[in-house]
Each structure stands twice: as structure tokens, then as C-alpha cells.
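There are 2 protein chains.
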Amino acid sequence: MVVLKGAEVSARIREEVQGLLGELEGRIPQLAIVRIGENPEDLSYERGAVKKMENFGLRVKCCGFPADIQEEEFLRQFRSINEDPDIDGILLLRPLPPQISSRAVEAEMVPEKDLDGISPINIAKVFAGDETGFAPCTPEAVVEVLKQNQIPITGKRVVIVGRSMVVGKPLSMLMLKENATVTVCHTRTRNLKEACREGEILVAAAGRAKMLNQEYVGKEAVVIDVGINVDDSGKLCGDVDFADIQDRAAMATPVPGGVGAVTTAVLAKHLVQAALMRKRGQE
Amino acid sequence: MVVLKGAEVSARIREEVQGLLGELEGRIPQLAIVRIGENPEDLSYERGAVKKMENFGLRVKCCGFPADIQEEEFLRQFRSINEDPDIDGILLLRPLPPQISSRAVEAEMVPEKDLDGISPINIAKVFAGDETGFAPCTPEAVVEVLKQNQIPITGKRVVIVGRSMVVGKPLSMLMLKENATVTVCHTRTRNLKEACREGEILVAAAGRAKMLNQEYVGKEAVVIDVGINVDDSGKLCGDVDFADIQDRAAMATPVPGGVGAVTTAVLAKHLVQAALMRKRGQE
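So the sequences go chain by chain: Z and L. The first sequence begins at 1 in my numbering and counts up one residue at a time. The second sequence begins at 1 in my numbering and counts up one residue at a time.
Since the hints were derived computationally from the structure, they do not count as laboratory data. Computed from a predicted model, the values in this text were never measured in an experiment. Heads up, a few of these hints could be off.
Claimed, not checked - Taking lysine-lysine pairs in the BS3-like style, the calculated list, with each CA pair at most 27 Å apart, reads:
| # | chain 1 | residue 1 | chain 2 | residue 2 |
| --- | --- | --- | --- | --- |
| 1 | L | Lys177 | Z | Lys193 |
| 2 | L | Lys193 | Z | Lys219 |
| 3 | L | Lys193 | Z | Lys177 |
| 4 | Z | Lys177 | L | Lys235 |
| 5 | L | Lys219 | L | Lys5 |
| 6 | L | Lys210 | L | Lys235 |
| 7 | Z | Lys51 | Z | Lys61 |
| 8 | Z | Lys279 | Z | Lys61 |
| 9 | Z | Lys177 | L | Lys210 |
| 10 | Z | Lys193 | L | Lys235 |
| 11 | L | Lys193 | Z | Lys193 |
| 12 | L | Lys177 | L | Lys193 |
| 13 | Z | Lys177 | Z | Lys193 |
Please take these sequences and the hints and turn them into a complete structure.
If you want it as C-alpha cells, here you go:
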């Protein structure tokens with residue numbers, strides 16, 4: 001089984017980003033990471049994103065807010081980040097605490113700075129296959145892993161396990177745009193093993209540690225693992241039982257070291273694209 | 001094979017609408033149908049919608065514009081319909097002529113009056129499974145046909161042929177919300193027959209006359225035909241070869257007399273819901 005390493009895909013996206021940066025004539029785009037509270041997963045994602053931005057030669061500003069901040073105050077602060085001309089793009093770490101309405105923040109987010117595709121305008125564009133908007137970074141990273149590894153998608157049976165707004169649903173739209181025949185499975189799917197085995201490309205985005213073993217994998221399938229979980233021994237693992245599928249799958253992404261590294265690279269690309277769009281709009 | 005008649009589903013939706021009307025305390029909601037040019041398909045759809053509104057006891061105003069109206073002038077007129085307090089909901093007949101940008105009109109449409117779910121806010125809500133918005137009427141009609149005929153959807157394999165913004169894509173989201181395992185097929189799907197036969201529920205929204213014969217239909221499948229085409233002899237027909245599947249499918253909707261009649265009933269329901277939402281907002 002070929003291991004599809006995220007680092008290699010990320011390196012290629014880095015080259016692309018360097019090319020785009022040249023068009024900015026010296027101005028270095030800046031990302032704002034907006035975080036409420038000190039959730040360990042958020043902090044870990046933030047560290048990864050900061051490191052990636054630095055590695056890509058981009059600027060990043062971390063805007064942390066107390067876990068108990070009230071909605072009105074948060075929206076006021078968020079608005080000033082939104083309007084800051086020196087901020088080119090925003091990553092809002094989620095889920096938000098219960099006192100803050102996600103919908104209120106999504107509606108507030110300027111679509112042009114919404115690098116992770118959470119505003120209604122960007123969601124509608126993903127739905128329409130309109131590339132002038134930003135898709136959420138994780139599903140776009142899945143497509144990047146396939147494309148950068150020259151894995152054809154057109155006409156392929158793609159099976160996605162998971163129907164979240166963050167991965168499963170937008171990925172189904174991105175895969176349709178790539179001309180795949182797309183099936184979305186979830187907790188209510190009957191005969192899940194059988195349905196998964198139909199996938200020439202199988203994407204695991206269920207959020208359950210090592211849930212998919214070789215019984216779920218079609219012969220010679222390409223397996224993309226979006227899961228980030230902690231196993232019984234406290235180690236990071238994906239939704240796929242990586243060791244178990246070795247003799248079954250043709251290719252697979254590991255966790256860690258797979259899609260995650262590509263997600264932050266896509267975020268960096270979106271940041272530079274946002275800065276470029278703004279520059280072109282001002283010219 | 002059981003024939004699933006649209007008229008019966010429409011009659012049940014009519015009862016529901018009468019119940020909702022009671023809450024409006026005598027005020028009769030009004031639909032505006034906005035049409036540019038004299039496209040025969042638009043005129044036919046308009047006639048059907050007018051008849052349905054009258055049959056449901058609702059008011060309807062037809063706003064026709066010349067085929068060569070310029071965008072600026074059209075948007076000005078559209079805005080006044082949008083803002084008219086005596087108009088509760090709008091149906092915009094599409095496609096629009098080339099000089100009018102669809103996106104400009106979609107962005108202009110007040111989401112609360114957007115009965116056919118074309119504004120970004122409503123698209124994003126369909127995507128999120130948020131029922132406070134309006135889904136496009138045709139895919140919602142497909143779900144209504146199944147529900148009103150007590151056909152279970154949860155856990156079922158639903159195969160949709162067609163990936164348009166009007167039917168295929170939003171229907172895939174509505175079906176996921178109903179807990180179906182959803183596959184979307186299209187022109188680039190390989191082994192389309194085989195993929196279609198996997199569907200316990202098969203929805204034809206491809207736009208090609210009688211394209212799906214019995215070879216595409218799984219044994220005892222429920223077949224919902226969204227197509228409206230004209231066959232070689234000039235007669236209205238669907239995407240399904242209705243005569244050919246008689247001994248293969250368990251149930252199917254005819255064309256005409258199937259989903260189309262339900263689509264305008266859903267439009268009527270949306271109209272009354274829009275009027276109710278507005279009333280509650282003003283109270």
C-alpha cells in the first residue's frame with residue numbers, strides 16, 4: 001500500500017503559494033485566528049496553523065477571547081477584526097461556546113475574508129460549484145491530496161462516511177464538481193461495510209477512532225482519512241484502522257501526517273488568494 | 001406497480017395549507033410570479049401555479065417583463081416587488097435571459113420571500129438542514145411524495161440521477177436530512193445502470209426523455225420522476241420510460257400527474273408559511 005503523505009502535498013501547495021505571493025509585490029498577507037476559550041483541540045490546531053503560516057512566510061495574529069465572553073461583546077470584537085484592513089483572512093475555531101450563536105458570527109463574517117467557508121455566501125458558492133468563494137479547508141484538502149497525487153476523480157465512485165457541515169456535505173459538492181459519482185454514508189446507513197466497499201475512493205470523516213478496518217475497504221481502493229481521534233493508548237489516530245487495511249487498499253493517508261498537514265496548507269493558499277482578490281479589487 | 005399520483009399528495013398539502021391559513025385571521029397571502037419574456041415553458045409553469053394558488057384559495061399576481069429588459073431596470077422593478085408589503089412570496093421563473101445576472105437577482109431576493117430557495121441564505125440553510133429557510137420546491141416535492149405515501153426514507157439507499165442546483169444537489173441534502181444513504185449520479189457516471197439499480201428509491205432528474213428504462217431500476221424500487229420533457233410524438237413525458245418499468249418497480253410517479261402537481265402545492269405551502277412568519281415577526 002502506498003502511503004499518501006500530507007507533507008509532500010503541502011510542499012507542492014507551498015510552491016503554488018510562493019508563486020501567488022510574487023503578485024502581491026512585497027506585501028505579506030496576515031491571517032487572524034479567532035479562538036474563544038482554551039480548548040486543547042483548538043490550541044493544537046492553532047499551533048499547527050501558526051507553524052504552517054510561518055513556514056509559508058505568511059503573517060498570523062492570534063486573537064484569543066475568554067471562554068465566558070458574552071455574544072454582544074464578542075461580535076463587537078469580531079467586527080473590528082473583520083474590518084481591519086491589515087487582516088486578509090480569518091479562521092474562526094469552532095465549535096463556539098453555547099452563549100455565542102454560530103449563525104450570528106457566520107452572518108457577520110465578510111465572505112472575502114472567510115477562508116474556511118462558513119459564511120452563507122461561501123456555502124452557497126460551494127453548493128453551486130462557483131470557485132470565486134472559499135470552500136472549507138478540510139474537504140478542499142481531500143481533493144488536493146487526490147489531485148497532487150495524480151489520482152483521477154472523474155467518473156470514480158467516491159464514498160464519504162460522515163455528513164457534517166465541516167467535511168461530509170461540502171466534500172460531496174466538491175467531488176460532484178470533479179465529476180465523481182458520490183455516495184454519502186452516515187450513522188443511519190444500513191450495510192455500511194458493503195456501501196463503503198463500493199468506493200474506489202473512500203473518505204473517512206465519521207469522527208470515530210479506527211472505525212473503518214479492511215472489511216470496509218474495497219480492493220485497491222484509495223482511502224483518505226480525515227479523522228483526528230485519540231485511541232485507547234492516548235495516541236493520535238484516524239477513523240481508519242491504518243495497520244489493518246495495508247493489504248487491502250492501494251493507497252491511504254496516515255494520521256497524523258496526512259490530510260491535517262494539507263488542511264493548513266489550503267488555509268495558507270486561501271489567505272494569499274484573499275489578499276490577491278482584495279488587491280485586484282482596489283486596483 | 002402502484003402509481004403515485006401527485007393529485008393525492010397535493011390534496012393532502014392543501015388540507016395542511018387550509019389549517020395554516022386559519023392562523024392568518026382572514027388575510028389571504030399573495031404570491032408574485034416574476035417572468036421575463038414569453039418562454040412557453042415559463043408560461044405553462046405560470047398557468048399551473050396560478051391555477052394551484054386559486055384552487056388553494058390564495059392570491060397571485062403575475063409580473064411579466066419584456067424579454068429584452070435591461071438588468072438595471074429589471075432590478076429596480078424587482079426591488080419594488082421585493083419591498084411590496086402586500087406580496088408575501090416570490091417565484092422567479094428561470095433561466096433568465098443572458099443580459100440579466102442570476103446572481104444579482106438571487107442576492108437581491110429577500111430570503112423571507114424566496115419561496116423557491118434560490119437566495120444564498122436559503123441555499124446555506126438547505127445545506128445545513130436548517131428548516132427555518134425555504135428549500136427549492138421541486139426537491140421538497142419529491143420528499144413530500146414519499147412521506148405522504150408513507151414510504152420510509154431512513155436508512156434507504158436513495159439514488160439521484162442529475163446534479164443540478166434546482167433538483168439534484170438540494171435533493172441530496174434533503175435526503176441526507178431524512179437519514180437516507182444518498183448517491184448522486186450524472187452524465188459522467190460510469191456504469192450508470194448498475195449504480196441506479198442500487199437505489200431502493202430512484203429519483204430521475206436528468207432532463208432526458210424516457211432515459212431510464214427497466215434496466216436502470218432495481219427490483220421493487222420506488223421511482224420518482226422529476227423530468228418534464230416532450231417525446232418524439234410531441235407528448236409530455238418524464239425521464240423514466242413509465243411503460244417499460246411496470247413489471248420492475250414497486251411504485252412510480254407518472255408524468256404528467258406526478259411530482260409537478262406537488263411542486264406547486266409546496267409553493268403554496270411556502271407562501272402561507274412566509275405570510276405566517278411575517279405575521280409572527282410583526283407581533
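Status of the hints after comparison with the structure:
no., hint, result
1, Lys177(L) to Lys193(Z), "holds (21 Å)"
2, Lys193(L) to Lys219(Z), "holds (22 Å)"
3, Lys193(L) to Lys177(Z), "holds (21 Å)"
4, Lys177(Z) to Lys235(L), "violated (33 Å)"
5, Lys219(L) to Lys5(L), "holds (21 Å)"
6, Lys210(L) to Lys235(L), "holds (12 Å)"
7, Lys51(Z) to Lys61(Z), "holds (12 Å)"
8, Lys279(Z) to Lys61(Z), "holds (20 Å)"
9, Lys177(Z) to Lys210(L), "holds (26 Å)"
10, Lys193(Z) to Lys235(L), "violated (44 Å)"
11, Lys193(L) to Lys193(Z), "holds (22 Å)"
12, Lys177(L) to Lys193(L), "holds (26 Å)"
13, Lys177(Z) to Lys193(Z), "holds (26 Å)"
Checked against the numbered hints above, the structure breaks hints 4, 10 and satisfies the rest.
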